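Visitor: Residue numbers (the numbering used here), protein chains in the order written: chain L, 1 to 382; chain R, 1 to 158.
Bear in mind the hints are in silico, worked out from the structure with no lab data behind them.
Note that this is a predicted model, so its numbers are computed, not measured.
Where hints are given, some of them may not hold.
[As the list claims (entries may be wrong)] If you only want the chain L side, here are some residues facing chain R, beta carbon under 10 Å, derived: (1) 78; (2) 104; (3) 105; (4) 142; (5) 154; (6) 156; (7) 178; (8) 181; (9) 210.
[Claimed, not checked] Which bits of chain R does chain L cover? Going by a derived footprint, with three or more residues having C-beta under 8 Å, they are: (10) 11 to 18; (11) 45 to 56; (12) 115 to 127.
Heads up, the beta-carbon is just placed ideally off N, CA and C, and yes, glycines get one too.
Residue strings, one per chain:
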Amino acid sequence: MYTETQIVERPAVIDPFEGDGENLVINIGPQHPATHGVLHLVVTLNGETIKKVEPHLGYIHRSIEKMCESLSYRQFIYVTSRMDYLSAHINNHACAMTVEKGMQIEVPARAQYIRVIMDELTRIASHELWWGAMAMDLGAFTPFFYAFRERETINDIMEQTCGARLTMNYMVPGGVMADLHPTFQQKVKDFITLFKSNIDEYDELVTGNIIFQSRTKGVGYLSKEDAISYGCTGPVGRGSGVSCDIRKIYPYEVYNQVQFDEMLETGGDSFSRYQVRVKELRESIKIIEQLIDNVPAGDYLAKTKAVLKLPKGEFYTRVETARGELGVYIVSEGGTTPYRIKFRSPGFSNLSALDHMVRGSKIGDLMATMGTLDLVIPDIDR
Amino acid sequence: MFIKEYLSDIYKATKSLLTGMKRTGYYFVHPKEIITEQYPDNRDTLKMADRFRGEVIMPHDENNEHACTGCTACELACPNATIKIITKFDVTPEGKKKKALDTFVYHLELCTMCNLCVQACPTDAIKMGQNFEHSVYDRSMLLKKLNRPGSKIREGVE
Ligand code: SF4
Ligand code: SF4
Numbered sequence: 001m002y003t004e005t006q007i008v009e010r011p012a013v014i015d016p017f018e019g020d021g022e023n024l025v026i027n028i029g030p031q032h033p034a035t036h037g038v039l040h041l042v043v044t045l046n047g048e049t050i051k052k053v054e055p056h057l058g059y060i061h062r063s064i065e066k067m068c069e070s071l072s073y074r075q076f077i078y079v080t081s082r083m084d085y086l087s088a089h090i091n092n093h094a095c096a097m098t099v100e101k102g103m104q105i106e107v108p109a110r111a112q113y114i115r116v117i118m119d120e121l122t123r124i125a126s127h128e129l130w131w132g133a134m135a136m137d138l139g140a141f142t143p144f145f146y147a148f149r150e151r152e153t154i155n156d157i158m159e160q161t162c163g164a165r166l167t168m169n170y171m172v173p174g175g176v177m178a179d180l181h182p183t184f185q186q187k188v189k190d191f192i193t194l195f196k197s198n199i200d201e202y203d204e205l206v207t208g209n210i211i212f213q214s215r216t217k218g219v220g221y222l223s224k225e226d227a228i229s230y231g232c233t234g235p236v237g238r239g240s241g242v243s244c245d246i247r248k249i250y251p252y253e254v255y256n257q258v259q260f261d262e263m264l265e266t267g268g269d270s271f272s273r274y275q276v277r278v279k280e281l282r283e284s285i286k287i288i289e290q291l292i293d294n295v296p297a298g299d300y301l302a303k304t305k306a307v308l309k310l311p312k313g314e315f316y317t318r319v320e321t322a323r324g325e326l327g328v329y330i331v332s333e334g335g336t337t338p339y340r341i342k343f344r345s346p347g348f349s350n351l352s353a354l355d356h357m358v359r360g361s362k363i364g365d366l367m368a369t370m371g372t373l374d375l376v377i378p379d380i381d382r
Numbered sequence: 001m002f003i004k005e006y007l008s009d010i011y012k013a014t015k016s017l018l019t020g021m022k023r024t025g026y027y028f029v030h031p032k033e034i035i036t037e038q039y040p041d042n043r044d045t046l047k048m049a050d051r052f053r054g055e056v057i058m059p060h061d062e063n064n065e066h067a068c069t070g071c072t073a074c075e076l077a078c079p080n081a082t083i084k085i086i087t088k089f090d091v092t093p094e095g096k097k098k099k100a101l102d103t104f105v106y107h108l109e110l111c112t113m114c115n116l117c118v119q120a121c122p123t124d125a126i127k128m129g130q131n132f133e134h135s136v137y138d139r140s141m142l143l144k145k146l147n148r149p150g151s152k153i154r155e156g157v158e
């Protein structure tokens, strides 16, 4: 129970008339085109200057963690596609890896290669969508279609091999659900050729654009220390100079066998975060190029028992999704279902820094900053 | 000095905008390079990928026979209780009782197309179909019975 003083001390609803009486509270969302989903921001303004931003969550809370407790170790993986739906593969990958770690299943080399290729394709598709949506937030409509042109190609490749376009459920404990489609490698190579020529269009259209630059440069500044203390990971952390790429620090699967650079920018503003992501597009291409011709022959799925039972204990794995570090924490009591599952999602921590980043800036900058945070609301709410 | 900077800013800004507009203009005069699917006009030619997961189906052969033994493995594998297997007891020619499938109830409205049931089936009796046009006017029409009327299990499938 709260005592009376505690209730008073809690930072409750903002009083619109606090301060000099000029403050205005507006609600952005939960149904607003700029929040890309059901995010609700309560913004306190003084004129055009932002005093405070309070994100209100819960509009798309489906209680995925609780649902997972009643599902078996094979079944719970498909639900996680619905968290960060743009990194569905990578979420599934993290869960499959946690189960494999607990049961000490050896994943065949072929499956590891396929998984990493799929992860990187997902990352490209996700960054594509972000790039289009980000430009749209700032008023440029055309880039959205350019981005979706390439993303569509990836979706077609996914559809052919995994059977679905967005919620694939392709990673299963022990490997992947099905072997690569015979035309997979050729299609990916075609895509890489196409993408390499198209990515320069991106720079021409948006990166070099003077309006875009002046709307993002110096906007939404996040210092390195703050990025660490807010737990920002992924391109948001790397845009502030924090080296936090899980693929580099704790390599999983075959990431330690491929050459790629961790993209770091030290600017800490929206433009730095933008550049990190655009550069990551090129890095992902590099990773895929190294792997696509060398997929070893062999099994794509390890032999596992029909009913999976994790031994009693706690298991944690982390992966790098398109948005940052995703942690999967399973507590097992030795049964067929998890006792407790916790997901450490990147979107939640990145959103928590929003208030700090935009205080004192203009309301137009809020959109630019939110755009470069690359928020996926179901990932924040789960 | 100030004027010079001002003019160079204008020059740079115009150039960056024109570079972008050049791209847009290029596609404007090259409509062939635009990729848009004319759905639903292209229904006759539209072919989904072989592995595309649109719904669960149970293939029957020409003798109206399927391969389902009624073992309920798919029902247990499904995370959403989409499948309900109702079994009955057939009497074999030797006079023994044998478990067999009576009705395969499939709630399409609950299905997430995760493919787990297909993987769990020991006799490959079910698979994913490519049809994706499922819209109907009433939710109850999505409740399906997958085994056809009068169908029975194929000889030799255990
Ligand atoms: S595809 Fe998945 S959700 Fe649908 S019936 Fe099969 S197991 Fe259940
Ligand atoms: S469809 Fe397959 S798994 Fe399901 S009851 Fe029939 S034989 Fe068993």
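Visitor: Indicate, hint by hint, whether the structure satisfies it.
Guide: Verification of the hints:
With a cut of 10 Å, the hint placing residue 78 of chain L at the interface with chain R holds, because the nearest CB-to-CB distance is about 4 Å. Hint on residue 104 of chain L is violated. Least Cβ distance to chain R is approximately 22 Å, over the 10 Å limit. For residue 105 of chain L, the interface hint is violated, since its Cβ never comes within 10 Å of a Cβ in chain R; the closest pair sits about 16 Å apart. Because the beta carbon of residue 142 of chain L sits about 6 Å from the nearest beta carbon in chain R, less than 10 Å, this interface hint is met.
For the restraint placing residue 154 of chain L at the interface with chain R, the shortest Cβ-Cβ distance is roughly 13 Å, beyond the 10 Å limit, so the hint is violated. At about 8 Å, the closest approach between the beta carbon of residue 156 of chain L and any beta carbon in chain R falls short of 10 Å, and the interface hint on this residue holds. Annotation: interface hint on residue 178 of chain L holds; nearest CB of chain R at approximately 7 Å, less than 10 Å. At about 7 Å, the closest approach between the beta carbon of residue 181 of chain L and any beta carbon in chain R falls short of 10 Å, and the interface hint on this residue holds.
Because the beta carbon of residue 210 of chain L sits about 4 Å from the nearest beta carbon in chain R, less than 10 Å, this interface hint is met. For a cut-off of 8 Å, the count of residues in the region 11 to 18 of chain R with a CB near a CB of chain L stands at 4, and the three-residue condition holds. Requiring three or more residues with a Cβ within less than 8 Å of a Cβ of chain L, the coverage given for the region 45 to 56 of chain R holds, as 6 such residues are present. With 3 residues bearing a CB less than 8 Å from a CB of chain L, the region 115 to 127 of chain R meets the requirement of three and the coverage assertion stands.
Violation of the numbered hints given earlier is confined to hints 2, 3 and 5; the remaining hints are satisfied by the structure.
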